[in-house]
Structure formats: structure tokens, C-alpha cells
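Enquirer: The residues making up each chain are set out below.
2 protein chains.
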Amino acid sequence: MKNSSHKSGAALQSNAPIHDWTATEIAASVNARTITCEAVARSHLEHIAAREPQVMAWEYLNPDQVIAQARVYDTAGISGPLAGVPFGIKDIIDTCDMPTQMGSPIYKGHQPKGDAACVALSRKAGGILLGKTVTTEFANRHPGKTHNPFDFARTPGGSSSGSAAAVGDHMVPLAIGTQTTASTIRPASFCGTFGYRPTHGDLRCVGVKEASGSLDTLGLFARSIEDIALYREVLTGSSTPAPIAEPGSAPRIGFCRTHLWSQLEPQTQTMIEGTAQQLARAGARVGDVTLPAEFEGIEDAHRWVSSFEFSRNFTWEIENHFEKISETLRNNRLKDGLSCSFDRYREARELLARCRLLLDPVFDKYDVLLTAPATGEAPIGLNATGNAALCVIWTSTHVPAVTLPLYKGPNGLPIGAQLIARRNADRALFSAARWVWNQCN
Amino acid sequence: MKNSSHKSGAALQSNAPIHDWTATEIAASVNARTITCEAVARSHLEHIAAREPQVMAWEYLNPDQVIAQARVYDTAGISGPLAGVPFGIKDIIDTCDMPTQMGSPIYKGHQPKGDAACVALSRKAGGILLGKTVTTEFANRHPGKTHNPFDFARTPGGSSSGSAAAVGDHMVPLAIGTQTTASTIRPASFCGTFGYRPTHGDLRCVGVKEASGSLDTLGLFARSIEDIALYREVLTGSSTPAPIAEPGSAPRIGFCRTHLWSQLEPQTQTMIEGTAQQLARAGARVGDVTLPAEFEGIEDAHRWVSSFEFSRNFTWEIENHFEKISETLRNNRLKDGLSCSFDRYREARELLARCRLLLDPVFDKYDVLLTAPATGEAPIGLNATGNAALCVIWTSTHVPAVTLPLYKGPNGLPIGAQLIARRNADRALFSAARWVWNQCN
Numbered sequence: 001m002k003n004s005s006h007k008s009g010a011a012l013q014s015n016a017p018i019h020d021w022t023a024t025e026i027a028a029s030v031n032a033r034t035i036t037c038e039a040v041a042r043s044h045l046e047h048i049a050a051r052e053p054q055v056m057a058w059e060y061l062n063p064d065q066v067i068a069q070a071r072v073y074d075t076a077g078i079s080g081p082l083a084g085v086p087f088g089i090k091d092i093i094d095t096c097d098m099p100t101q102m103g104s105p106i107y108k109g110h111q112p113k114g115d116a117a118c119v120a121l122s123r124k125a126g127g128i129l130l131g132k133t134v135t136t137e138f139a140n141r142h143p144g145k146t147h148n149p150f151d152f153a154r155t156p157g158g159s160s161s162g163s164a165a166a167v168g169d170h171m172v173p174l175a176i177g178t179q180t181t182a183s184t185i186r187p188a189s190f191c192g193t194f195g196y197r198p199t200h201g202d203l204r205c206v207g208v209k210e211a212s213g214s215l216d217t218l219g220l221f222a223r224s225i226e227d228i229a230l231y232r233e234v235l236t237g238s239s240t241p242a243p244i245a246e247p248g249s250a251p252r253i254g255f256c257r258t259h260l261w262s263q264l265e266p267q268t269q270t271m272i273e274g275t276a277q278q279l280a281r282a283g284a285r286v287g288d289v290t291l292p293a294e295f296e297g298i299e300d301a302h303r304w305v306s307s308f309e310f311s312r313n314f315t316w317e318i319e320n321h322f323e324k325i326s327e328t329l330r331n332n333r334l335k336d337g338l339s340c341s342f343d344r345y346r347e348a349r350e351l352l353a354r355c356r357l358l359l360d361p362v363f364d365k366y367d368v369l370l371t372a373p374a375t376g377e378a379p380i381g382l383n384a385t386g387n388a389a390l391c392v393i394w395t396s397t398h399v400p401a402v403t404l405p406l407y408k409g410p411n412g413l414p415i416g417a418q419l420i421a422r423r424n425a426d427r428a429l430f431s432a433a434r435w436v437w438n439q440c441n
Numbered sequence: 442m443k444n445s446s447h448k449s450g451a452a453l454q455s456n457a458p459i460h461d462w463t464a465t466e467i468a469a470s471v472n473a474r475t476i477t478c479e480a481v482a483r484s485h486l487e488h489i490a491a492r493e494p495q496v497m498a499w500e501y502l503n504p505d506q507v508i509a510q511a512r513v514y515d516t517a518g519i520s521g522p523l524a525g526v527p528f529g530i531k532d533i534i535d536t537c538d539m540p541t542q543m544g545s546p547i548y549k550g551h552q553p554k555g556d557a558a559c560v561a562l563s564r565k566a567g568g569i570l571l572g573k574t575v576t577t578e579f580a581n582r583h584p585g586k587t588h589n590p591f592d593f594a595r596t597p598g599g600s601s602s603g604s605a606a607a608v609g610d611h612m613v614p615l616a617i618g619t620q621t622t623a624s625t626i627r628p629a630s631f632c633g634t635f636g637y638r639p640t641h642g643d644l645r646c647v648g649v650k651e652a653s654g655s656l657d658t659l660g661l662f663a664r665s666i667e668d669i670a671l672y673r674e675v676l677t678g679s680s681t682p683a684p685i686a687e688p689g690s691a692p693r694i695g696f697c698r699t700h701l702w703s704q705l706e707p708q709t710q711t712m713i714e715g716t717a718q719q720l721a722r723a724g725a726r727v728g729d730v731t732l733p734a735e736f737e738g739i740e741d742a743h744r745w746v747s748s749f750e751f752s753r754n755f756t757w758e759i760e761n762h763f764e765k766i767s768e769t770l771r772n773n774r775l776k777d778g779l780s781c782s783f784d785r786y787r788e789a790r791e792l793l794a795r796c797r798l799l800l801d802p803v804f805d806k807y808d809v810l811l812t813a814p815a816t817g818e819a820p821i822g823l824n825a826t827g828n829a830a831l832c833v834i835w836t837s838t839h840v841p842a843v844t845l846p847l848y849k850g851p852n853g854l855p856i857g858a859q860l861i862a863r864r865n866a867d868r869a870l871f872s873a874a875r876w877v878w879n880q881c882n
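Protein chains in written order, with our numbering: chain L, 1 to 441; chain Z, 442 to 882.
Bear in mind the hints are in silico, worked out from the structure with no lab data behind them. Do not rely on the hints blindly, as some may be mistaken.
[Stated by the list, open to error] Straight-line Cα separation of at most 20 Å, EDC-like style, residue types lysine to aspartate or glutamate; simulated pairs:
(1) Z:K554 <-> L:E319
(2) L:K113 <-> Z:D538
(3) Z:K549 <-> Z:E768
Please read all numbers here as calculations on a predicted model, not as lab measurements.
Chain L extracted, bound-state conformation:
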């Protein structure tokens, strides 16, 4: 793709190709009957046809099925908050009319009976499901076939690899992934998209293959913060989505390096520190936040909670299809989980619960925290999906997170800035994120 055409969050010229539009722009045009669903679908499908041989974002995509759906919508005169908006769904999420293969040979050709709640809500809002996006094996570490759309020699990140790459490459304006560790925020950062992990429990996960229920959430990918906010509203079942509220004043921003700061590449440190200074100059009250010492135990606790739950959740697959499970999965999460006693698991779970309560007072002083979503640019190679550590604290404490595609790294590849808010403050997070975005663009 031409990076110079990448205008995340900015209103586009009406002569821009439809596949460069945001979801908000597409839905407005379809609802106003100034464009057809079929035209929208065709623009995206043509772009995909040109790009997919290199990007490989899709596990399943049938253009005829998409066009047929678009025509049904056009004939019916579809309207709704996502009217005519193409979207992609990570392939661990059930779809009634497309296979769900989980990135695993165990589920080759598997056709679920119904749609996951998030898919049905997207369709109810007028969205057009384009296809299933590539996932790592069971949303774990063993990678799929997807390449980073900004450099084919690099990983798109994982586990929501195809969703991130498809949105980053303008193949769809919206996609759904999931996050148990860093599986939305990290690939969003690597692929130059906005990424959002909601407050744990906010968005229904029925029909999504569970990795670790204590940690799992959906994750959203889009090319503007307005689209992220719109999609969240749709997925909470709202038929009249509320727009992002204007913040009354510049947000109070806690700059939170965390004890993992030294894992960042120096340029990433410099860019995020520069943003903190820039936002202070723009009127935000910016202060440094140091988390309590307990938070240094989160990475270990996350490991035991996620691996214990994962290894029990996948008992049927382990007992009946062990030979089809990758060495990566067997030797890491499964080995950890099957060796973990319930008592060890419970202790780890309790540490995470304590840290949730310890984090609350931080947000009495700050509206959002500014931190890194990843260590830097997407690493070279397709055999691994990058360092997930920067997201573990936030995933484990159930707080909402967004990453904004603010930077280009030393190789010209995207890097994001992550903002975190208090649990249940997702809408306030969007307000602050838009303010930050506007200051930096």
C-alpha cells in the first residue's frame, strides 16, 4: 500500500477510493442513499484482490457471497449505524455462513451453527461480513500466514494478525479480534491502526473460542477513534450510538513507563516521551506514574492464570487431537497450564484481583495513562508475533486500552501510543484519545 495515502482519522476527500473511507463515512453515505452497499463491497474486494497475495490477511473470503449479501441489503434499503460497512472477523469467532477454523487443523472446515453475538450485532447494525481473518492457532503464539502490510518480511503481530493487517491495509474499515495478552493492541500498533481493548466483560464473547475467560475480551480495529467508538456502541446493542463526548478540559495524563520500560527500543522511548511533553505544552496536566511494587508480579501471575485456564478449556482438543496441536502451543502454554495446580492458579488470580483494586486510586489523579503498546516496530520474521509484555499489566487489570497510530519508527513502520483509563470509563477514554490524537496531528 502507499503509506502516503494513510490518513487515519482524517476526513477524506470524496474522490478517495471507497476502501479508504472510514466506517462512519461509509454508513453515512449508505444511509443517505448516495452510494450502494454493492459499490462499497466492490471497492473493498478489488483492493483485497490486488493486495491479498502478499498480505494474506484472510482465512476465508468469498467475493460472490459478499456481493450477494450487499445486493440483498441494497434491495431491502438497509439502514443502521453500520449500514453497508464491510467488516472482518477473527477466525476464532463463530459465523453461521462461513467456516471457523481457529488457525488449527483440528477445526479444518468446521462450520458453526450460529453467529457469535458480536457478529450478529454487527449484521443487525447493517454491517456486511467480508470474511474471516487469519488468527494464530487458537489465538495463541503459533503464527498464521499473514504478513505485515507495511513490510512483508515482518510479522503483523498476533494473535489477531489478519484483523490488524486487513484494517491497516484498508481492506476493511473495521475488524474484530480478541485479546488475552496483547493480541489486539500489539498488532494494531504494528499495522498502523487504532486498536481498542474494552473493559473486561463489556462486550459479549458468546461464540468466541475462549482462551482464558478471566482475561479474554474482544478487540476492535479501525482507522479512526470515531469508528472505534461507533463500533463499541453497536456491540453493546445500542441502536442509537452516542458520539464521542467533548472533554470539558484537557485531560489529566499520567505518563506510565512501567517497570518494563527498558524493554522498549530507544526510539520508542523517545517518541512517547516526546508525546508526553507535547501534550503538556498543549495544556494537559502530565505527571509521572509509578505503579505499586505488586505490579511487577503481574506478568508471572498472568502466565499462570492464562495457562491454567487455557489448558483446561482445551481438554477435548488435547485428549482427542494432541498430534494436531503445534509444538509451540504444547511446549509453552499447555506445558505451563498442565503443570499448574489449582492453588497456584488461585493465588495468581487473587494477585490480579488485588492489582485491579490498587490501580483504581491512580485514576483519581489522572483521566488516562500514556504508555507503550509494544517495544517498537514489528520485528522481522513471520515465525513469531513480537514481545507481548507491554500489554500484560493492562489486560490483567481489566482496564480499557486504545492504541493510536501516532509514530513511524526508524524503518518507516508504524508504532502506536497506548492510552489506558479506569475500568468502566471506556467512553471517557475515547474522549481523551481524540484530544490526544488531535494534538498530535
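Using the hints, position chain Z against chain L.
Expert: Positioned in the frame of chain L, the structure of chain Z alone reads:
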């Protein structure tokens, strides 16, 4: 069934029919090779053949399939904590070799690809899945065909109707249900079984149709507290189940009538008050517990949380099969849920979270709370499953609960006593429950 043969929790004579044995007794005999899995299965199947025409506990049961499985286990020389133990599974829980029909015509004949985690863990431990037990429609209120085994004119309770009736009628020693409101504890009380709802999040729900994830748990039915403890260990993935620990001293028991006490039938009040006095005489420190005023808001908050989540979770069914959904479900939980905004839902969810924290200090003074599982005997009629209110506080606060089949009501029908412990204190709950059981028998 002959009520006089109902010896819950007591060691049985070796000449008792095998279908009257507990799971612990069956597994010990199979592991010792003093009985075959086939003999165990045949005893249960013969009892079922005699009783099922009246009780109607089963949605799916294929005797040939069961015998074939038993012979495979016998040939292989199966061993394990549930070796040869027949178990039943509520029909909202996926099974790879039996349909899962959810008590709804929408899922008629539906065959899942894999086993739910709880089914796979049961089989891994040597258990023999007998069949699928009747559920109300989607584990909600619209009843299935099951009758109370102690009086066919009465409800078995719901939503885990068939699991409770099957265990209460000695058709299986173990069954799995679920609980979102009272769906395990209430039918266990009505059907004279031990019932157990674990700490929220302890037992994996992968492959179980979610009603309301913030509230849902598995629920276990058995005819002894030892069997409940054994099955919990199996479902946490332990291959060497820990036995119930002896309490160091008589437990401290908080007698908690709750603000709903007036909903109980007078005889139920008298029986539970009698137990509180009896336990005090036996050496327990017994005191009255009054919950904070916030707890009176739980029933309303539970209504909004459960209905909001349910109505989003079932978007695919609502949008594609609305005509196949019962009037009961449409006019209650779905109507509530679809009218509930996200803000109202979030406020309700936050009230429940506050109550969880408010309940913790109660357990600094008491090891367990003694309370009622239901208002009294199972009511007459099969069109409703009884009053669920007595369980709402405990379900909503995520604490573990057991009901013990301690009483016979004015019509000779079973009534239970419910014990509650602190979150994560499930094993201590079993210790206290066994002490209580032993004092009362």
C-alpha cells in the same frame, strides 16, 4: 422411587443395587476391578428404563452407545477418579457424540463438534457420559418435560431440571447443570440432592451456552458431599483429587435469614431455625447475620445484568429465529434486556461488584452462612420452576454455595439447607458442610 432407600451420603450395603451407590463407591470398585463399567452402566440403564417414562429427565440417552463406551473402558482397563462413573450433562452443554438442543426448537438435532471442557474433563477422569439431561429453554424459565421424581405432579425446579431429577432419582450419581440465578441450588433442594455452585470463575464454562457470563457458573449434583468435592477436583483438572479436609473445630456459622425471609413457607423457616439451634448445641458458634442495606438492591441489579447480557448473547437467535422463542422468554428476560441501556446495565453491575466487597468482612466472623435454598417444597405444577429469589444474593456475589438435602416438608418432599462461604473458600465450605451433615444425620 422408594424414599426410604434414599441414603444420601451414607455408605451403602454392598448388596444395594449399583445405581444406589455414590460416585466415590463406584470409582473405588472399578479401580479395584471388583466390578465392570458395563455392570455399572447396565444397573443405571435398567433403573432409568423403569423410571424415565414418569420422570422424563433425559433429552437424549442411547443405551447402546453407553454400553459400547463401557465395554471400551473395560477392555482398556480404565482407571481414574471417576472410573466407570455414569454422569449426566445438561443439554446446554456441548457433547461431541450426542446432540445439544438447548431446550429450544432452534437447536433441534444440533450436533456440536467437540465436548465442553467439563465433559472432556469428566471423561478424562474415567466417567461415562450417559446422556443429555433436560434443560429449560436456554436455561431460562420456559420449562422442559421433566417431573419431580418425588411427586410427578410437581416441578423438579429449573433450569437444570433433568440433572437434578436424574440424580435425585438415582439414575446417575453425578450430573452437571449451570446456575445464573438459582438453576442448580433450587432444583437440588426440590429433588433431594446435594447441589453445588462454585466460586464464579473456578470451573471452566467453555462449550456451555452462556446465559449471562457475569453470573453463570457450572453447578454440580450428587448424593453425597464427598462426591461433590470429588467432582469439583476432577473439573479443576486435578488427577489426584484431594479429599475433604477435617475442620480443626466446629465451624462458626452465621444464620442469615436475609430480607427475603418472609417469602419462606413457615415450616421451612422452622426447620432451618431448628438446624441453627441444633448446630449450636453440637458446638458450633452460631450468630445471626444481617446483611448491609445495599443487598436489598441485588435482586433488581441481577435482573438488569442477567437480562442485558442474555439479550445481547442471543442476538443471532433473536434476529434469525424469533418465532421459535417462547413467549415466556420473549416477555421476560428478552423484553427486560432489550429495553436496558448500557448505562443502566453498568450501574447494576457495579452494585453487584460493591456487594461482593461488602460481603467479605462477614466471613471474618463466620466460616459459613446458613440460609434457605428455596421457599419450601417443590410447588405443584409443571408450567413454572418455582421461586428463585433465595439464591440471587449468593449467585450475584460470586460466593460458593452448597445445598444439603436435610429436610422433608409437610408433604414428605425434600427441602434443602444452603451453606455459603467466602469466595475462593470452596474446599472449606465442603469441610463445614460435611460437619453440618454429620450433626444432622
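Enquirer: Each hint should be assessed against the structure and marked as holding or not.
Expert: Checked hints:
no.: 1; hint: Z:K554 <-> L:E319; verdict: holds, 14 Å
no.: 2; hint: L:K113 <-> Z:D538; verdict: holds, 16 Å
no.: 3; hint: Z:K549 <-> Z:E768; verdict: holds, 18 Å
The earlier numbered hints are all upheld by this structure, with none contradicted.
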